[in-house]
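Student: Residue-level listing of the chains:
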Amino acid sequence: MTSKPVTSKRLLSAPAAPAVKTPCHIHPSAIVADKAQITGAHAVEIGENAVIHPYAKIRAEGGKVVIGNNSMVYERAVVGVAEGGEQDVVIGEGVNIDTGAVIEAKNIGDGSTIEVNAIIGKGTVLGRYCKVASLERVEAGEELEDFMVVYSDGQRRIDKTMKDHPDIREAKRVGQEKSIELMRKMLPNAAAKWM
Amino acid sequence: MAAAFPYTHYACPCSDLTSTAPSSISKRISNNQPANADLTDDRTFNPHDPRANCALYPLDHLLFCDECDAIRCPKCWTEEIINWYCPTCLFEVPSSAVKSDGNRCSRNCYTCPACTAPLAVAAMPQPAGDYLKPTEPATEAYMLQCGYCDWSSRDLDVLFSKPTKITEQLAKQRKARLGSSGKEASDKDAKPNPVGHDTAFGSLTTFYKAQLSESGDAQNQFANSPYSSPANLQRIMNIYGGLSANTLKKSRETPQPMREARDSNEGFSTYTPDPVEHEATVISKLRSLSWEDTTTTEQRLAAPPNNYSRFADQLWPVATPLRTRKGKRCETCRHLISRPDSKVSHIRYKIRLLAMNNIPRIFMRPLHLPNPPPPNAAFRLRADDAVQAELQPNVAQQYILTIRNPIFETIKVTLATPGTTPGNVASRVTILCPSFPVGPAGDVWDEALSSSTTPASASNDGSRKAAMASLTGKAPEDADRQPEAGKVWDRTRNSTSVIVEIVPGPLKAPPSIVPKTEAELADQALDEDDEVLEVPIYVRAEWETVIDADAFGPGAKDDKHHGRQGEKVTKELAYWCVLGVGKIAE
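For the record, the sequence lines run as chains A and B.
Following the working numbering, the numbering of the first sequence begins with 1 at its first residue and continues without gaps.
Following the working numbering, the numbering of the second sequence begins with 1 at its first residue and continues without gaps.
Keep in mind the hints are simulated off the structure, nothing from the lab.
Among the hints, a few may not be true.
Computed list of chain B residues with no C-beta within reach of chain A, every gap over 12 Å [said to hold, decoys possible]: (1) Val121; (2) Met143; (3) Phe207; (4) Asn265; (5) Val318; (6) Leu415; (7) Leu432; (8) Pro434; (9) Pro440; (10) Asp527; (11) Lys568.
Mimicking DSSO-like on lysine-lysine, the simulated pairs with C-alpha atoms at most 27 Å apart in a straight line are [said to hold, decoys possible]: (12) Lys163(A) / Lys162(B); (13) Lys160(A) / Lys175(B); (14) Lys178(A) / Lys122(A); (15) Lys583(B) / Lys568(B); (16) Lys165(B) / Lys21(A); (17) Lys285(B) / Lys163(A); (18) Lys175(B) / Lys99(B); (19) Lys160(A) / Lys99(B); (20) Lys106(A) / Lys122(A); (21) Lys172(A) / Lys175(B); (22) Lys160(A) / Lys285(B); (23) Lys57(A) / Lys185(A); (24) Lys175(B) / Lys21(A); (25) Lys185(A) / Lys35(A); (26) Lys35(A) / Lys64(A); (27) Lys162(B) / Lys172(B).
All values reported here derive from a predicted model rather than from experimental measurement.
All C-beta atoms in this analysis are idealised placements derived from N, C-alpha and C, irrespective of residue type, glycine included.
Using the sequences and the hints given, assemble the complete structure.
Tutor: Structure below.
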């Protein structure tokens, strides 16, 4: 059997200590997992009841990152512009960022959902209650209206149900609160590490 | 989606492109055959031929008929429907219900008209009032919700009072909506056709059924079976043997020929052009909306209620079409080669004769893998993530060609390939060892018990080299082995590897001193896909089996097997296959 290169394994076993301590304002009720990564010199603001899962990455190198109340950032999601860019990232309230998503947007509106492995390019502005389905891309600079759904390899539509019926939006908000409560029970809080 | 390099496609011998062996092999086996006048012309398989695509299949698309001992491709088998089922609720629908109700699920399974994902029945959110007060049944409402694109039936303002019998509730709401708009036929918003559509369909169905029974065209209930005698018998019995008034009448009268519908009672409908005002509203609405708000042809054709809808907000949910379970029969000998279980939830097959369990399989990989090795093509997330290195022209590459044997006898394999690949780009291919045996497949324990853990070449002198060899399981001089002509590269229990040297040809002809004419330049222009290096290989396997007496019974008179039980018979299998190696760089 030929030997395989072990470079990928080495990265996980010894996390590099950050050179600069990120100035974080973490709300006392927010939960930030121990294995989450917050890097960068700019400010990071995490709102009330927000949940940051293990191995989520918040890059505040290019600008500050704001995560709104009741939002969740799942595992291996990356929030913040890549190296070399200069831009703040603001995530609204009740926003769900699923596993593996890459968020470099300027602003994500309240109540939006970014599904698994989606890629949101730099400088984009997403409206309220948007939904980006899994593996979709929103190209850099695009602006999505409120209630826009991105699905099926780039197709867009307006979610009329969400738009015309406030009780559906209320149901989504209640659902998000319930998931947050569940995650709070499951994740031990290590926010003190970054305060 | 294009297969990732390197791939192997197998050709079924049914096509005339692939049924002839190359001349080098056929000369050896054609001792008993009459001399053909066209032995001299080129009978190699050209994978760049435009018709070649119809003959090539990946291995998992091919089945094998063990009566004819031949590969069967999708063109060589017939399919029979075993049962019908709904893919969402997995309910098996009897074929009588399919004939009367149609080929869609009638049990709450709908697909989203916007994105074709399955719709779920969702309850409307209740006002978060007192938990002590029981919810009034009047406020309970249900809707169909898409889990992917968030479409819901509320876009159409369709709500249901109970979560079951969605089909009925939908039909009622549709009728109510169209019925009310039908009354105002002169109204601008009315669509003239859909009201007439459903009733016309119903009248036509009854009319044609009546015509069929009157004209004496017997419904062939046994259409599935290859033998028609039970149907003939029944038809004759119906004409002459019945005692009821209907059958006596039929036997007396001559049948009238079938005729078409004549008026709207029978379902006949003429084309009436839409009133001018209706068209004007549609056009003005179209001006204000964007392209995405109109329906596509696929959306319109997906379900009969949607056939005439122009705008995306008029689309009704689509009832899920039923799927079938099919059994496959060899066309020549009518032997069953694939038969799934009749229960829908069981995914095992009763009979499944796959080509991959009966023919030698061929794999190809480069001898020297680039460092770091390229990621496995099966694990890429997006199709455009795959980056494959291109082959440099005129640089010799060596590949390991592995033949794996799935049957339980040792086979003797002969490979043949033209020295230069056919087509516009001539690459030179040399197989260093074209004829070799491959061992039988057997139990895992056979290998463990028969072979030793250290290779034969490791010396037993306790030196460091021998210790390393026993740890890694291979001889120390393996790293510097050079391929030799006529020798097998590697041999395991049921596979053998040989080396193939390939020199990719140049895509463009070298510049010539004499300027070429237009015709010559056009001749040399590359066709599509010419830069893909594909090597056709003719594989011939021979092996000996012992005839199993149990398989044939005492009275078998099969003249293929001349010998009595226990005698050895030589069997042979030959086919073309195409190895896709890579793309040639400019």
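Student: A separate judgement is required for each hint: does it hold in the structure or not?
Tutor: These are the hints, each one checked on the structure:
The Cβ of Val121(B) sits about 15 Å from the closest Cβ of chain A, beyond the 12 Å cut-off, so the non-interface label holds. Against chain A, the non-interface label of Met143(B) is violated: not every CB pair exceeds 12 Å, the least being about 8 Å. Separation of Phe207(B) from chain A is adequate, the least Cβ-Cβ distance of about 41 Å exceeding the 12 Å criterion. A cut-off of 12 Å between C-beta atoms confirms that Asn265(B) is not in contact with chain A; the least separation is 41 Å.
Every Cβ of chain A is farther than 12 Å from the Cβ of Val318(B); the closest lies at roughly 16 Å, confirming the non-interface assignment. At the 12 Å boundary, the C-beta of Leu415(B) stays outside the reach of chain A, the nearest C-beta of that chain being 26 Å off. The Cβ of Leu432(B) sits about 22 Å from the closest Cβ of chain A, beyond the 12 Å cut-off, so the non-interface label holds. Separation of Pro434(B) from chain A is adequate, the least Cβ-Cβ distance of about 27 Å exceeding the 12 Å criterion.
Its beta-carbon lying about 24 Å from the closest one in chain A, Pro440(B) satisfies the requirement of being farther than 12 Å from that chain. Taking the minimum C-beta to C-beta distance to chain A, about 30 Å, the non-interface status of Asp527(B) holds against the 12 Å cut. In this structure Lys568(B) is separated from chain A by more than 12 Å, as the shortest Cβ-Cβ distance comes to about 39 Å. A distance of roughly 25 Å separates the Cα atoms of Lys163(A) and Lys162(B); the hinted pair therefore holds under the 27 Å criterion.
In summary, the hint linking Lys160(A) to Lys175(B) is supported, as the alpha carbons are separated by about 24 Å, within the 27 Å threshold. With a CA separation close to 31 Å, the supplied pair Lys178(A) and Lys122(A) exceeds the 27 Å bound. A distance of roughly 46 Å separates the Cα atoms of Lys583(B) and Lys568(B); the hinted pair therefore is violated under the 27 Å criterion. Straight-line distance between C-alpha atoms of Lys165(B) and Lys21(A) comes to about 61 Å, which puts the hinted pair past the 27 Å bound.
Among the hinted pairs, Lys285(B) with Lys163(A) is consistent with the structure: their alpha-carbon atoms are about 21 Å apart, no more than 27 Å. Proposed proximity of Lys175(B) and Lys99(B) is supported: the alpha carbons are some 23 Å apart, at most 27 Å. A hinted pair counts as satisfied when its Cα atoms are at most 27 Å apart, and Lys160(A) with Lys99(B) does not qualify at roughly 38 Å. With a C-alpha separation of about 7 Å, the suggested pair Lys106(A) and Lys122(A) falls inside the 27 Å cut-off, and the hint holds.
Between the alpha carbons of Lys172(A) and Lys175(B) the distance comes to roughly 33 Å, so the proposed pair goes past 27 Å and is violated. Straight-line distance between C-alpha atoms of Lys160(A) and Lys285(B) comes to about 18 Å, which keeps the hinted pair within the 27 Å bound. Simply put, Lys57(A) and Lys185(A) have alpha-carbon atoms about 21 Å apart, close enough for the 27 Å limit, and the pair holds. For a cut-off of 27 Å, the pair hint linking Lys175(B) to Lys21(A) is broken: about 67 Å separates their Cα positions.
With a CA separation close to 17 Å, the supplied pair Lys185(A) and Lys35(A) stays within the 27 Å bound. Among the hinted pairs, Lys35(A) with Lys64(A) is consistent with the structure: their alpha-carbon atoms are about 21 Å apart, no more than 27 Å. Taking the CA atoms of Lys162(B) and Lys172(B), the gap is near 13 Å; set against the 27 Å cutoff, the hint holds.
In terms of the numbered hints stated before, the structure departs from hints 2, 14, 15, 16, 19, 21 and 24, listed from lowest to highest.
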